[in-house]
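Top line first, the protein sequences correspond to chains A and B.
Using this note's numbering, you'd call the opening residue of the first sequence number 1 and step up by one each time.
Using this note's numbering, you'd call the opening residue of the second sequence number 1001 and step up by one each time.
For the record, the hints were derived by calculation from the structure and aren't laboratory data.
For clarity, every value in this text was computed on a predicted model and none was experimentally measured.
Think of the CB as a built atom: it goes at the ideal place given N, C-alpha and C, for glycine as much as any other residue.
This list has only true hints and no planted wrong ones.
Reference excerpt, derived from the structure (chain A facing chain B, CB under 8 Å, subset only): (1) A145; (2) R216; (3) P225; (4) I477; (5) A480; (6) R482.
According to the in silico footprint, chain B covers these stretches of chain A (three or more CB under 8 Å from chain B): (7) 27-39; (8) 118-125; (9) 131-140; (10) 403-409.
Now the in silico label distances, taken between C-beta atoms and shown as ranges: (11) B:G1175 with A:V306: 42 to 52 Å; (12) B:A1032 with A:N54: 15 to 25 Å; (13) A:G56 with B:A1032: 19 to 29 Å; (14) A:A233 with B:G1074: 49 to 59 Å; (15) A:L217 with B:G1074: 47 to 57 Å; (16) A:F301 with B:P1081: 55 to 65 Å; (17) B:G1131 with A:D60: 51 to 61 Å.
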Amino acid sequence: MVLEVKKPRPMWEILFSTHHTDIGLLYIVLSIVAFMIGGALAIAIRSELFLPGNQGIIPDPNTFHRIFTTHGTNMLFLWLLPFASGIGNYLIPIMVRYKDMAWPKLNATAFWMIPPAMAMVWLGMADFTWYATPPYSILRAPGPAAEMWIFGLKILGISSILGSINFIVTILKMKHPDLPLMKTSLFVWAILVTSIMILVAIPTFAAALIMLYTDRLGISGFFNPAMGGDPIAYQHLFWFTFHPEVYIFAIPAIGMVYEIIPRFSRKPIFSYQSGVAAFILLAIVGFASWAHHMYSTGMSFTEKTVFMIGTLAAVPASAMHVFNWTATMWGGRIRFRTPMSFAVGGLILFFYAGAGGIVNTAMPLDFLTHDSYWVVGHFHLFVMGLITFAFLGFIHYLFPFITGRMYNEKAGMVTFWLLFVGVSMIFLTQHVLGLYGQPRRTFDYIAVEPLIIMNQISTVGAWITAAGAAVFITNMISSAGRGKPADMRDPFQIGEQYYDYTRREPHH
Amino acid sequence: MDSHDKEPIILTSPGRMSRGLIIVGITLAIGAAISVTFFDQMFANPPPVTQIKQPTPPPPPPQAGTTTIAILAGSSVQGSPDYGPDAAQVPLGNKIVWDNQDNILHTATSGTSGSDPDSGKAFKTGFLDAGAKSNPIELADVKVGDSFNYFCEVHPYMTSTLTIVAAETGGAPSGPTINILAGSSVQGSPDYDPDPLTVKKGDKISVVNKDNTLHTVTDGAAPGADAGKLFDTGFFEGGQSKTIDTANLNPAEYNYFCQVHPYMTGKLKVE
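One chain only, chain A, in its complex shape (with noise of 0.2 Å):
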């Protein structure tokens, strides 16, 4: 599953391995698992709504809520977060020029705090949503799915305070003292300022689960309003913490497209400093923004206001990445191989993903896209349409790295296309579902002929997607077993530098 540069070493090795690679790979196996267990619960979610009324691939409403709360807990904390983790493993020593991670076995100890925490989240199935919103999780909820739901994230956050310290500590201590930071690889700069967003926003969240544990034992009353809580109060604590956590989701998915779009335009980037700027532009106005979830709560205008302005902030600095990408673009050489495809597709689904935003963000327009399927279509097509693209692009592009082998290019064209004609159906019917009323969450909906076209719609490009993560992972098993020897030195043949393979050799 490796390459070796002197001697395959058994497998146990890698597995208790405390060397970045091989913690990387740990970390990447494990998050496309993870996408692929958690997309299959989504196609069952999308075959499910293929037409009004119980199909009977879900059993019953329950069971429903359990699956799209488990789907949507896995893929952000278990597919998103590691495999961030995993290139950042690979790359980051390699880029600030050390010999490994600042602190291996801690980095290892960061890695295998996952597993377990998969392990409760998946057994379990909660069934309260990944906000897990009291009152209803901490009075009704059954256990002991809840708890296992909140132990287990518990456990994912103090992996990724581990998992950021660490990075923070390579980049700033370890990096090579004839490398100023300002000429280290963008991808560098998106995972400092991704770690240093980890370091702020979770504690606020490891508070609330706290609170929401005492609060289901009856010790605290937090957000109990019988006991004189307030339910909205854990919104403020969880949406502090998750609406930065939105950008630590994408900014290393930006960092790849960094690495991705000039190698492959054959062209410098067009403007470094503004692609740092903008991310730590975004690292700090995404902090001024998490309220806009909230809207419908009952703030004052004043506060909505407020909100609104510091969620407009974020788009000039989202803008300053897709103006800096197309830019670099233009006038190159480009050649289209996957990783490209995906990085260019990943840019157009932003595009769009940033246009329904403006939406949302605009308060009075909010009310009426609120908790409808407006909403899952937007952030669906941020996840899976700008960060997951830009994952499995990178993924692609690292290939040789990893294996020393090639991908085949064919199977690699064909998943990106099935998956942008998927993507596409999926999510930007559904926005159109939303301004049809169709509420977020629902196990059924009403048979009228607009909301079971676009349904239908929907539920197709989730099949085609699903087609295209097929001919993906038997890609990547394949190719890592058969595929063609790669050049190691520039394995896509664009005159471009790739990374040093012989890191790849342990060295303790």
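Fit chain B to the known structure of chain A by using the hints.
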């Protein structure tokens, strides 16, 4: 770069790849086996929250067909309160039981006094020992609106009346009532009934929660510092009821809402 060319590159082999897949596959299979086997058990326990009150069942309707009238303690002394409730309302078709709570013999005999020729014709309990209850007495051939005088044969100064009323209203709280309808916690459903409610200053309003979850009736239009200053029932579970006293409210129109579900709003007019 040149030095690297001399190093042998060992590629991932199909054997190693399949060994990796086996590790992943076995892990997933174990997980799936546990998940499928214990799927329902993972979802079995309600949270151990001590403060959850089981919704108190609504007070039982007046027992099928019986109305109890107490013979109050001390009623043998002339001038004391005697029958309770005095002027009782008996739903049509109900049986009546007199409950002697005094420490001496009493009766309840229809008529105005012992000299009434019709005395004891409609009903008669006979002598009731201290603490005893009469047999259920059924009134034959009565209709809504009929009124009976009755008295105690031992203490003729103890007199009272009972009136036959329509059966449906029996047991319902009298006076103005705000019902919180079942299902009102769902946004957009009908919530308070009647809305608006008009009452006279000084009336006591009963608020009956017919839903299955917590609600409040709190004055104001939305949660805020001013909410609940004039009247507020506080949180109460389904099946319970609360009272709002309008004695301190000036005649005006008041908005009220539910603190748990701020989209539930209503109006109250005090005249």
